[in-house]
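So the sequence lines, in the order shown, correspond to chains C and H. Taken in order, the first sequence gives residues 742 to 854; the numbers are from the numbering used here. Taken in order, the second sequence gives residues 26 to 139; the numbers are from the numbering used here.
Hints in this document: simulated from the structure, not taken from any laboratory. Hints may contain errors.
Distance ranges between label pairs, derived from CB positions [what the hints assert, rightly or not]: (1) GLU40/H - SER759/C: 45 to 51 Å; (2) HIS82/H - SER821/C: 25 to 31 Å; (3) ASN840/C - THR136/H: 29 to 35 Å; (4) VAL69/H - GLY804/C: 25 to 31 Å; (5) GLU40/H - SER821/C: 44 to 50 Å; (6) GLU814/C - ASN55/H: 35 to 41 Å; (7) LEU100/H - GLN763/C: 23 to 29 Å; (8) ASN840/C - HIS82/H: 16 to 22 Å.
We put the CB at the ideal spot given by N, CA and C, even for glycine.
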Amino acid sequence: NAGVTQTPKFQVLKTGQSMTLQCAQDMNHNSMYWYRQDPGMGLRLIYYSASEGTTDKGEVPNGYNVSRLNKREFSLRLESAAPSQTSVYFCASSFLDGNTEAFFGQGTRLTVV
Amino acid sequence: SQQGEEDPQALSIQEGENATMNCSYKTSINNLQWYRQNSGRGLVHLILIRSNEREKHSGRLRVTLDTSKKSSSLLITASRAADTASYFCATVDPTQGGSEKLVFGKGTKLTVNP
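Extracted from the complex, chain C is given alone in its bound form (with noise of 0.2 Å):
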């Protein structure tokens, strides 16, 4: 099994540029989550998506969008990238219940110029 798998794994992008990030999870999982993780800030949730077809804002969802195309896939897009959106992103996914881990992606580390 994969686990989570999130595309790309670097990206540089110019200002006022749109990019989506993907992430597919194979393990069945219902919950699936987007962070963004800057220096000394820790995990930011970005959006998150109990089950395919629902969408909620974490705390830092100015900015992006997201879609769960189907159980396996959550993808994060950025309209129109900042130089404030320059930070690593990952992906993540669990069961619905909260009672059991989250499985992480390994990153993608976006910058904007």
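Based on these hints, arrange chain H on the given structure of chain C.
Positioned in the frame of chain C, the structure of chain H alone reads:
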């Protein structure tokens, strides 16, 4: 704002010593989880302690939970250089009505010197 806050932010010890990290949180919880992150990698789950548990062990890890103080501690005994990593606590707020908002603290960066 983030649910959990780890303390200290950074910890440097010698191999063989014990390392203790603390986590405080703000609201009621169903469980509290600890994760580890090696530099440049994703997070890996270490241990989960439920709200009705006070202590849990896994190998060299010992986690305690005090719901009256809204705090948890992670103890790593007989540390090794390979334990060098950042450690995060995470909680799911049950007041969110079934939604699974898993939130993390800022982490403790542990350095174990050989």
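Results of checking the hints against the structure:
{"no.": "1", "hint": "GLU40/H - SER759/C: 45 to 51 Å", "verdict": "48 Å, holds"}
{"no.": "2", "hint": "HIS82/H - SER821/C: 25 to 31 Å", "verdict": "49 Å, violated"}
{"no.": "3", "hint": "ASN840/C - THR136/H: 29 to 35 Å", "verdict": "32 Å, holds"}
{"no.": "4", "hint": "VAL69/H - GLY804/C: 25 to 31 Å", "verdict": "28 Å, holds"}
{"no.": "5", "hint": "GLU40/H - SER821/C: 44 to 50 Å", "verdict": "49 Å, holds"}
{"no.": "6", "hint": "GLU814/C - ASN55/H: 35 to 41 Å", "verdict": "27 Å, violated"}
{"no.": "7", "hint": "LEU100/H - GLN763/C: 23 to 29 Å", "verdict": "38 Å, violated"}
{"no.": "8", "hint": "ASN840/C - HIS82/H: 16 to 22 Å", "verdict": "19 Å, holds"}
Of the numbered hints given earlier, the model fails hints 2, 6, 7; all others are met.
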